[in-house]
Structures are given as C-alpha cells and as structure tokens.
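Which chain is which? The protein sequence lines are A and B, in order.
Counted the way my numbering counts, the first sequence spans residues 56 to 304.
Counted the way my numbering counts, the second sequence spans residues 56 to 323.
Simulated from the structure, these hints should not be mistaken for laboratory data.
We treat Cβ as the ideally placed atom computed from N, Cα and C, and that holds for glycine.
Please note: incorrect hints may appear among the correct ones.
[Stated by the list, open to error] Sample of chain B residues with no beta-carbon within 12 Å of chain A, all distances over it, derived:
(1) L209
(2) M215
(3) V305
[As the list claims (entries may be wrong)] Simulated pairs of lysine to aspartate or glutamate, EDC-like, Cα-Cα distance not exceeding 16 Å:
(4) K135(A) to E145(B)
(5) K102(A) to D193(B)
(6) K162(A) to D106(B)
(7) K102(A) to D124(A)
(8) K162(A) to D204(B)
(9) K128(A) to D196(B)
(10) K128(A) to D204(B)
[To be verified] Pairwise CB distance ranges (calculated):
(11) D75(B) to H239(A): 49 to 55 Å
(12) R177(B) to F68(A): 55 to 61 Å
(13) R64(B) to S93(A): 38 to 44 Å
(14) V166(A) to Q93(B): 23 to 29 Å
(15) E170(A) to N104(B): 32 to 38 Å
(16) G296(A) to W80(B): 46 to 52 Å
(17) G119(A) to D75(B): 40 to 46 Å
(18) D124(A) to Q93(B): 17 to 23 Å
(19) Q297(A) to G88(B): 30 to 36 Å
(20) K169(A) to G297(B): 39 to 45 Å
(21) R256(A) to G292(B): 30 to 36 Å
(22) F68(A) to T319(B): 45 to 51 Å
(23) H58(A) to L70(B): 28 to 34 Å
(24) E129(A) to I62(B): 49 to 55 Å
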Amino acid sequence: MGHIEFRDIYKSFGPKHVLRGVSLNVDPGEVFFIIGQSGAGKSVLVKHLIGLLRPDSGRVLLDGVDVTDFKEKEFYPIRKRCAMVFQNSTLFDSMTLVDNVALPIRKHRDVTVKEAREMAVDKLRLVGMHTYAERFPADFGDGMRKKVAIARALTLDPEFVIFDEPTTGIDPISAAMVDKLIRHLSDNIGVTSIVISHDLRSIFGIADRIAMLYQGKLLLDGTQEDYKNSDNPIIQQFIQGQPEGPMEV
Amino acid sequence: MSPMHKIARTFQRPLHLLGDWAMGWFHHIGGLGLLTWQVLVYLLPWKWNFDGPETWRTMYRVGVKSFPIVVVTAVLVGAIMVIQSGLYIEQYGAHGLLGWGAGYAILRSVGPILIGLMFSGRVGANNTAELGTMKVTDQIDALRALSIDPVAYLVMPRFMAMIVMMFLLVVVGNATALIGGALTSQFLLDVNMVLFFQSVVTYVLLEDLMHGLMKSVAFGFAIAIISCYFGLQTSGGAVGVGRAVNASVVGSAIALFAIDYAITYAAL
C-alpha cells in the first residue's frame with residue numbers, strides 16, 4: 056500500500072506548457088524529492104495527486120487505482136490519506152494556531168472541540184510551536200507559519216505527505232528539525248513523503264530518491280549517488296548552484 | 056494589409072468586444088446559478104452541513120458589528136423622511152398623517168433598501184475581500200486538501216448569517232428609523248410624537264411591515280450569494296481582490312434594486 060504513479064502527465068495553463076509528459080513512480084515509505092528550477096512544474100505535478108489540478112492528458116494512479124477522473128467529493132477520502140503542506144503555509148488568518156491545527160480533527164474525527172484542541176496542541180508540540188498555540192498566524196514569520204502548517208498536515212495521521220518547500224524560509228536548526236521529522240515519519244511510521252525542495256542540504260541529507268524536472272520533462276530519476284555522479288551538465292549546474300551553465304533561466 | 060482586411064478588422068473588433076462582454080456575463084450568471092444550487096442542496100435536511108463555530112463567528116461579525124452603523128443610518132433615514140414630508144404636512148395641516156407617510160415609506164421600501172445598501176457595502180465587501188484573499192493565498196485549496204468543502208465550511212455560515220442578520224437589522228433599523236422620525240417631528244416640526252406613533256399604528260398595516268421584511272430576506276440572500284461568488288472567483292493577487300470587491304458591491308447594488316422592483320411590482 057502507498058504506491059503513487061504519474062503516467063505521462065501533460066498540463067498547460069493557456070499558452071504556457073508546464074508539464075510535457077512526466078512519468079514518475081513513488082514507492083511506499085520512501086522520501087522522494089522533486090527538484091528543479093522555479094516554474095519547472097513541481098508543485099503543479101504534485102497537486103494532480105490530490106485532485107487540486109486535473110491533467111490535460113495522462114493518468115494518476117494511487118495504489119493501482121486510477122484517480123485521474125475522480126469527482127471532487129471522490130477525492131475527499133484520498134485527501135485524508137494524503138496531506139499537503141503548501142509552499143506558502145496557507146494557515147487560516149482568522150483562527151489561532153491551535154484552531155488551525157484542530158480544524159481537520161474537528162471536521163473528520165468524532166471528538167469534542169476541547170479534545171480536538173488538546174490533540175492539536177500535541178501536534179504543535181511536534182514542531183515546537185505549542186507555546187504559541189493561542190496566537191494568530193499574522194504574529195509570525197513564514198518559517199514559523201510553515202512549521203504550524205506541517206503540524207496541521209499531520210493531524211489526520213496521513214499515509215502520504217506532500218511537502219512543498221518545507222524548509223524554505225526556516226532557520227537552519229528548524230530546517231534540520233523538519234528534515235528529521237520527515238525522515239522519522241518514513242522510517243518509523245512508514246509515511247511516504249514527496250518533498251519539493253531547492254534546499255541542497257535537505258536533498259542530499261534525507262532523500263531516498265530524487266527526480267529532477269526541467270522544461271516540463273523528467274530529466275533524471277535516481278538516488279543521491281546518481282545525481283552526484285551524473286555527467287549531465289544541467290544537473291551538475293543545478294546541484295552545485297552555479298549561475299553560469301547550460302540551464303536556461 | 057489590404058483595404059478589405061482593414062475594413063473587416065474594423066467591424067470585427069466591436070463584435071469581438073461584444074462577444075467577450077457577453078461571455079463574461081454568461082460566465083458570472085452561470086457561476087451564480089451553480090453556487091445558489093450548491094447552497095440550496097446543503098439546506099436539504101439530509102445534506103445539512105454547517106460548521107457551528109464558523110457560523111457563530113460570522114453571525115457576530117456580520118450582525119453585531121453592523122449594529123451601530125445600521126442604527127445611526129436608520130435614525131437619520133427616519134429624520135430625513137419626516138423633514139421631507141414636513142413641508143406638505145404643514146401646508147395642509149395634516150399632522151395626523153405624518154407618522155403614516157414616514158412609516159409606510161420606511162417599512163415597505165426605504166428602510167430595507169438603505170440598510171441593504173449599507174449591509175452590502177460593509178458586510179458584502181468585507182466578505183468578498185476575505186474570501187478573495189483566501190483564494191489568492193491558496194487557503195481555499197488548503198481547505199480542499201484537508202477534505203473540507205469550501206462551500207459547506209465558508210459559504211453556508213455566511214449565507215445563513217447574512218439572511219438572519221439582514222432580517223434582524225431591518226427589524227431594528229425600522230424601529231430606530233421610526234424613533235428618529237418621531238423625535239424629529241417632535242423637536243423640529245412641533246408635531247407631538249404620540250400623535251406620530253398613533254398615526255403609524257392606525258394607518259400602517261402589518262402587511263406593510265411584512266412586505267419590507269420579505270425584501271430584507273431576499274436582500275440578504277442576494278448579498279450572500281453575490282459576495283461569496285465573487286470572493287471565490289478571485290484571481291490575480293491584490294489587484295484581483297480589489298476587482299472582486301468592486302464587482303461584488305456593484306452586483307449587489309444592482310440586485311437589490313432589481314429585487315426591490317420585482318417584489319414591489321408583484322405586491323401591487
């Protein structure tokens with residue numbers, strides 16, 4: 056259980072072709088990184104998995120079940136199994152941190168509001184934000200909001216988690232804590248993590264497998280060693296962060 | 056480019072713009088219809104879906120916070136109605152009809168429409184801006200990702216709150232407008248306020264009150280659907296939120312006058 060497959064996905068927004076035939080497999084329990092330039096279509100690709108976007112062509116399979124043509128309500132059970140941490144955290148401004156995290160518990164678990172809030176505080180403790188439980192998202196910077204978003208994503212104990220740039224804007228110590236949490240979820244609970252990241256320290260720290268998208272296509276799907284040993288100049292330019300090279304900006 | 060091409064393009068352009076404009080209107084009409092349908096489906100007993108805390112929060116924000124501005128507006132509306140009719144009342148000596156004239160106009164139409172416009176400007180615009188900001192910052196997608204239906208969680212509480220609170224605010228507004236009218240008649244026109252209220256009670260019918268209250272429910276319905284629709288349709292960042300709020304306020308105002316006309320005409 057927990058196998059994800061993207062099969063020949065094409066997606067355009069008006070005249071802009073974002074994905075041009077991307078095929079990927081993610082195995083159960085692995086920490087799978089998707090890397091690439093900004094605008095390469097990484098977030099667009101993963102949003103297809105939970106039906107936030109629909110492909111122009113291609114198929115999305117979850118545990119062998121083709122979910123591509125599922126209706127919005129048919130995706131609800133999938134979204135309970137597959138949580139997503141968005142790039143810009145997306146906390147609800149009108150709620151305190153604890154209410155943000157308690158919301159999915161309150162809506163999907165048979166618990167009282169008080170119990171949901173207690174469970175939410177436990178999740179906040181996981182990311183070190185429990186002492187700010189009654190404060191509002193506007194009181195915090197991007198990094199701390201992202202940690203709360205991670206806590207909220209974990210509330211329903213998902214089998215898969217999509218992390219969209221989880222360590223961007225976070226200090227190095229908190230980033231290491233997030234990396235450790237992702238690795239812990241995979242190693243000890245069997246959670247499958249799809250991580251979109253530009254953070255080379257994270258990528259070469261915790262990734263089981265890495266896929267690089269370039270100009271809407273898959274450039275390489277391999278392990279950390281495959282990337283380090285690749286003689287593709289585009290891959291080398293990206294992982295070394297060089298401003299000059301064959302990669303078109 | 057040949058002269059024939061130039062002539063063809065000259066004629067094509069207005070047609071193109073007209074087509075775009077018509078498509079835009081049909082898109083909005085279709086979207087409003089779909090949202091109304093979704094909301095009505097959630098009102099069915101076996102589909103009933105409300106979030107308690109969100110509904111109470113919205114009730115407070117929509118109703119209680121609007122109370123002072125509605126009271127001030129209504130007192131002034133009552134005063135203006137009495138001052139406007141005062142000239143003719145003096146001329147004909149018909150002091151006993153002052154309460155009826157002001158009360159009839161306030162309860163049937165002026166009260167609900169002016170409170171509706173205030174409500175649309177304050178609550179509807181605020182609602183569109185809030186939902187629009189949630190849309191452009193991916194908070195709506197975040198709700199979907201948490202398996203929470205944005206219509207059930209965000210639109211339904213607002214829909215109920217706006218209908219209930221618009222009704223209650225019109226009840227309060229009608230009462231305060233009559234008090235404002237009575238005070239003005241007493242202190243400005245020297246017409247006894249007891250006579251004013253006697254005139255209201257004697258000549259204004261329960262049907263007149265119900266007519267205005269029916270309008271208030273219809274206004275609340277229209278403002279809720281229009282403001283939520285334009286909020287959920289927002290795209291294009293802060294500029295898009297501004298555009299959505301503008302469309303929402305203009306759309307609500309047009310809808311309010313159209314509904315007022317339709318109900319008034321139907322009741323003839």
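Now for the hints, and whether the structure bears them out:
1. L209: violated (10 Å)
2. M215: holds (17 Å)
3. V305: holds (26 Å)
4. K135(A) to E145(B): violated (72 Å)
5. K102(A) to D193(B): Answer holds: K102(A) to D193(B) is near 12 Å, not above 16 Å.
6. K162(A) to D106(B): holds (9 Å)
7. K102(A) to D124(A): Satisfied, since the Cα-Cα distance of roughly 14 Å is no more than 16 Å.
8. K162(A) to D204(B): Given that 16 Å is the threshold and the Cα spacing comes to 10 Å, the pair holds.
9. K128(A) to D196(B): This hinted pair holds, its Cα atoms lying about 14 Å apart.
10. K128(A) to D204(B): Holds - the C-alpha atoms of D204(B) and K128(A) are around 8 Å apart, at most 16 Å.
11. D75(B) to H239(A): 49 to 55 Å: 54 Å Cβ-Cβ, so the 49 to 55 Å window holds.
12. R177(B) to F68(A): 55 to 61 Å: violated (36 Å)
13. R64(B) to S93(A): 38 to 44 Å: holds (39 Å)
14. V166(A) to Q93(B): 23 to 29 Å: holds (28 Å)
15. E170(A) to N104(B): 32 to 38 Å: violated (21 Å)
16. G296(A) to W80(B): 46 to 52 Å: For W80(B) against G296(A), whose Cβ atoms are near 50 Å apart, the range 46 to 52 Å holds.
17. G119(A) to D75(B): 40 to 46 Å: holds (45 Å)
18. D124(A) to Q93(B): 17 to 23 Å: At roughly 21 Å between Cβ atoms, Q93(B) and D124(A) fall inside 17 to 23 Å, so the hint holds.
19. Q297(A) to G88(B): 30 to 36 Å: Violated: the Cβ-Cβ distance is about 54 Å, outside 30 to 36 Å.
20. K169(A) to G297(B): 39 to 45 Å: holds (40 Å)
21. R256(A) to G292(B): 30 to 36 Å: holds (31 Å)
22. F68(A) to T319(B): 45 to 51 Å: This hint holds: roughly 47 Å between Cβ atoms.
23. H58(A) to L70(B): 28 to 34 Å: Violated - the Cβ-Cβ distance for H58(A) and L70(B), about 53 Å, lies outside 28 to 34 Å.
24. E129(A) to I62(B): 49 to 55 Å: Given a distance of about 53 Å, which is inside 49 to 55 Å, the answer is holds.
Comparing the model with each numbered hint stated earlier shows that hints 1, 4, 12, 15, 19, 23 do not hold.
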